[in-house]
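Protein chains in written order, with numbering that gives the first Met the number 0: chain A, 0 to 425; chain B, 0 to 424.
Quick caveat, the hints were computed from the structure, so don't treat them as lab data. Idealized CB from N, CA, C, for every residue including glycine. Take these hints with a grain of salt, some might be off.
[To be verified] Below, computed lysine-lysine pairings styled on DSS-like, alpha-carbon distance capped at 27 Å:
hint, chain 1, residue 1, chain 2, residue 2
1, A, K399, A, K244
2, A, K65, B, K270
3, B, K226, B, K238
4, B, K226, B, K58
5, A, K56, B, K222
6, A, K66, B, K222
7, B, K6, A, K297
8, A, K65, B, K271
9, B, K110, B, K271
10, A, K161, A, K418
11, B, K110, A, K65
[Unchecked claim] Derived DEER-like restraints, expressed as beta-carbon distance ranges:
hint, chain 1, residue 1, chain 2, residue 2, range
12, B, P237, A, S20, 26 to 36 Å
13, B, N165, A, E37, 17 to 27 Å
14, A, D324, B, N192, 56 to 66 Å
15, B, K226, A, K213, 56 to 66 Å
16, B, H164, A, V186, 38 to 48 Å
17, B, E234, A, E37, 52 to 62 Å
18, B, T3, A, E400, 25 to 35 Å
19, A, K124, B, F396, 43 to 53 Å
20, B, D359, A, V186, 49 to 59 Å
21, B, D359, A, E120, 24 to 34 Å
22, B, N411, A, N395, 36 to 46 Å
23, A, K38, B, N165, 37 to 47 Å
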Amino acid sequence: MSNINRQRLADNVYFNSVRDSRFKTMKLSANLIVPLSEKTASANALLAGVLSRSCEKYPDFTALSKKLSSLYGADLTVNVTKAGDRQVITISASGIDDRYALDNESITEELSLLLCSAIFEPNIKDGKFADGEVEQERRQLLEVIDSEFNDKRIYANSQLIKNMCADEVYGIKRYGTVGQINAVTPVSLYETWQELLKTATVEIIYVGDSEPDKAAEVFKNTFSKVGRAPQKISNTVVRSADKVKRVTEEMELSQSKLVMGFRTGIATGDSDCAAASLMCAVLGGTASSKLFCNVREKQSLCYYCSSRFDRQKGIMIVDSGVEGDNIEKAEQGILKEIEDMKNGNISDFEIESAKMAVVNAYRSSNDTVSGIENWYASQLFDGKFKTIEERSEEINNVTKEEIIRAANKLTPDTIYVLKNTQGVKE
Amino acid sequence: MNITEIKSERAHDSYYKLKHSSGLTIYVYPKEGYRSAYAIIGTNYGSVNTCFSVDGGDKITVPDGIAHYLEHKLFESEEGDAFARYAKTGASANAYTSFEKTCYLFSCTDKFEESFEILLDFVQDPYFTPETVAKEQGIIGQEIKMYDDSPDWRVMFNMLGNMYHNHPVKIDIAGTVESIAEITAEKLYDCYNAFYNLNNMALCAAGNVTVGQVLAVCDKMLKPCEKHEITNYFEDEPKEIVAPYVEQSFPVMVPIFNLGFKEDPEPIDEKKLAQTDILLSMLASPTSALYRRLMDENLINSSFSYELFEGPGYRAVIFGGESRAPRQAAELIKQYIAKVKSEGLDKEDFEIAKKSVYGDVISSLNNVGSIANTIEAYHFNGNELFKYIDAVAGTGFEDVANRLSEMLDVNNCTLSVVKPENAEV
Numbered sequence: 000m001s002n003i004n005r006q007r008l009a010d011n012v013y014f015n016s017v018r019d020s021r022f023k024t025m026k027l028s029a030n031l032i033v034p035l036s037e038k039t040a041s042a043n044a045l046l047a048g049v050l051s052r053s054c055e056k057y058p059d060f061t062a063l064s065k066k067l068s069s070l071y072g073a074d075l076t077v078n079v080t081k082a083g084d085r086q087v088i089t090i091s092a093s094g095i096d097d098r099y100a101l102d103n104e105s106i107t108e109e110l111s112l113l114l115c116s117a118i119f120e121p122n123i124k125d126g127k128f129a130d131g132e133v134e135q136e137r138r139q140l141l142e143v144i145d146s147e148f149n150d151k152r153i154y155a156n157s158q159l160i161k162n163m164c165a166d167e168v169y170g171i172k173r174y175g176t177v178g179q180i181n182a183v184t185p186v187s188l189y190e191t192w193q194e195l196l197k198t199a200t201v202e203i204i205y206v207g208d209s210e211p212d213k214a215a216e217v218f219k220n221t222f223s224k225v226g227r228a229p230q231k232i233s234n235t236v237v238r239s240a241d242k243v244k245r246v247t248e249e250m251e252l253s254q255s256k257l258v259m260g261f262r263t264g265i266a267t268g269d270s271d272c273a274a275a276s277l278m279c280a281v282l283g284g285t286a287s288s289k290l291f292c293n294v295r296e297k298q299s300l301c302y303y304c305s306s307r308f309d310r311q312k313g314i315m316i317v318d319s320g321v322e323g324d325n326i327e328k329a330e331q332g333i334l335k336e337i338e339d340m341k342n343g344n345i346s347d348f349e350i351e352s353a354k355m356a357v358v359n360a361y362r363s364s365n366d367t368v369s370g371i372e373n374w375y376a377s378q379l380f381d382g383k384f385k386t387i388e389e390r391s392e393e394i395n396n397v398t399k400e401e402i403i404r405a406a407n408k409l410t411p412d413t414i415y416v417l418k419n420t421q422g423v424k425e
Numbered sequence: 000m001n002i003t004e005i006k007s008e009r010a011h012d013s014y015y016k017l018k019h020s021s022g023l024t025i026y027v028y029p030k031e032g033y034r035s036a037y038a039i040i041g042t043n044y045g046s047v048n049t050c051f052s053v054d055g056g057d058k059i060t061v062p063d064g065i066a067h068y069l070e071h072k073l074f075e076s077e078e079g080d081a082f083a084r085y086a087k088t089g090a091s092a093n094a095y096t097s098f099e100k101t102c103y104l105f106s107c108t109d110k111f112e113e114s115f116e117i118l119l120d121f122v123q124d125p126y127f128t129p130e131t132v133a134k135e136q137g138i139i140g141q142e143i144k145m146y147d148d149s150p151d152w153r154v155m156f157n158m159l160g161n162m163y164h165n166h167p168v169k170i171d172i173a174g175t176v177e178s179i180a181e182i183t184a185e186k187l188y189d190c191y192n193a194f195y196n197l198n199n200m201a202l203c204a205a206g207n208v209t210v211g212q213v214l215a216v217c218d219k220m221l222k223p224c225e226k227h228e229i230t231n232y233f234e235d236e237p238k239e240i241v242a243p244y245v246e247q248s249f250p251v252m253v254p255i256f257n258l259g260f261k262e263d264p265e266p267i268d269e270k271k272l273a274q275t276d277i278l279l280s281m282l283a284s285p286t287s288a289l290y291r292r293l294m295d296e297n298l299i300n301s302s303f304s305y306e307l308f309e310g311p312g313y314r315a316v317i318f319g320g321e322s323r324a325p326r327q328a329a330e331l332i333k334q335y336i337a338k339v340k341s342e343g344l345d346k347e348d349f350e351i352a353k354k355s356v357y358g359d360v361i362s363s364l365n366n367v368g369s370i371a372n373t374i375e376a377y378h379f380n381g382n383e384l385f386k387y388i389d390a391v392a393g394t395g396f397e398d399v400a401n402r403l404s405e406m407l408d409v410n411n412c413t414l415s416v417v418k419p420e421n422a423e424v
């Protein structure tokens, strides 16, 4: 496993670096972490877009793109995600390693500086962001929200969370709301930017071959000039559900979508978290899982039927695409597999194969830049980083009894159905 | 056995190629320091090969979607399912069918040899019965319906239907619920026996593997194949498109478009491919003046992309993405191409695009999966990856200008739009 070196740069600002000579590329990401909140989610998301499209030195999108392309097709990207009740704004720079430059340029250094410019030296005049830049990003963000409706699997999953977590912070969408996005002004965005630099917890992750010290230094110097007042970030876990909520929508589609949300009663930090992960893999995480073998292969009800575990929130989601007439049958089929697990009807083969699949996925992640980055990024809220081998051992040590116990903590919370009505009109 | 080492000074990598006595072409691309290994075996057979003959025999016509159906069914043998066998090694396995090839693959961090044996075994061991064939109807039926609901997929096939009069690339890879109902065990065997001949196949292993490891398993598992002559029949395809515009209403909130330019389908070598990639980057990457104008006029968003789409008997350049005003976006793209064709390309754009294309291909050599899939794709196109890298580095401005003159005819393109029911586009 590639080792990580963690260094404190300022109050709640950390620089995590992994040196690895195997890769032809490097990646440097700044994760700005704040509490997920209805008030700020949209402004933060819009800000992320604006920061990545121009800066003082490259004041418009074309100038910045040209700079990136001339650095051998380097990328400057943003991603806004939710990790439990936190909103994570990730701004990343990635490109090929210096060894492969045709003209001996130092790409890593240039990209590190570029990332810092994007975050700390945006395109600001007279206490506000450039109007045109904000309007462009606003339009695009609104279109991104609309386009989530285009993919019905994504839409159905997001409707499940919206309904299941309606009374929780987690029910807020990662981009907030259309109304909030429209309320942002170039002046308010400037305040959002200042607030973010002051209050966010910042986790910088570097993966690459070249020395990252320069980048760390730039971040350190810049943050030393910011009056830091990091916000406290909390996360709630709803342990169980009292009764099942059912939500059905109808739409003119060829296929219906069935998405079932469960409370797992187990989340990050709990001693049985590895057991819950493995339980979910046995149920529907692999091509030898119970859902794949029975609901898909034996009953031929669907093309996909899988489960996944969000350990930050203690939620398990099962989702499938089925014929409208088969929704009930699929739901019964899924519940039967879960019931079997609760009753201990799990074979050694099912457990062993799930263990091998999970460990294989862990170990494979060490062979890509983004795999290494995600390995550590996904543990940012765990208090400490575990290595691949440590977590593999935890999985391998899970017993059948522990899987059964984890399964017995599952309670169904919300069942969302997107039901198809006739065929699609030509 | 003759093993050739293929080396790239620029990529600081090398891989090996050999022709196995069984007839199979094998590539091995070791990556030092990697824990994972990835192996893929593919046949030069995809959804477009629906009419063929073997050794000059009778012409056989098979139902649409059969190559993909065969891919699903090959995982089954008399003893059970290959996924269950992989479950004992911990490998992550999959397969895919495209227009021109069918590939089976796995990745693993342990027990490479065992998983590799499973792969070579089930690919050489077809087992189709009326019962096993019938069982797959429901699963693939749902896969087809999932794609029917995908606006990205629909907008592309509507475009292809408007571009090609006869070429089967316009038909869904998985076929239709009706066409797959005609598939029988016998027809699957016809296709298997014609196309799953090792002489018609290629293998690539990448990552934590050596040539010796790969060969040892191949020697043990591969059954020698007699070479057969396969003839694929395609109806003549006119140069011209079918119709310039098609739209479909769909439950979407943002319209999506594909603007496809019908191109000369003759195979191209690494140099021409490099010229084409640099040209398209100059024209439509986020760096380009065109992209800037489309953005400034609110006609595209960051979903905008372009693609060189090619295979046996077809080639197209496709521009696409979400747009509130797809007709205007298409018009602007056409105008811009016409203008560049008459006024010439920009030299600075060329230098930037060349570096960008070069960086992209170097970056792709990080990941064992993308390496193996790329080598496989180059094999079936008759090209070689490292020659392509050198070709990118060696491309001159004039080469790209010449390439532009033979491509992107603004009078031979077609626009496909998928839009919300009540929207005017």
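Hints the structure fails to honour: 1, 3, 5, 6, 7, 9, 11, 12, 13, 14, 16, 18, 19, 20, 22 and 23
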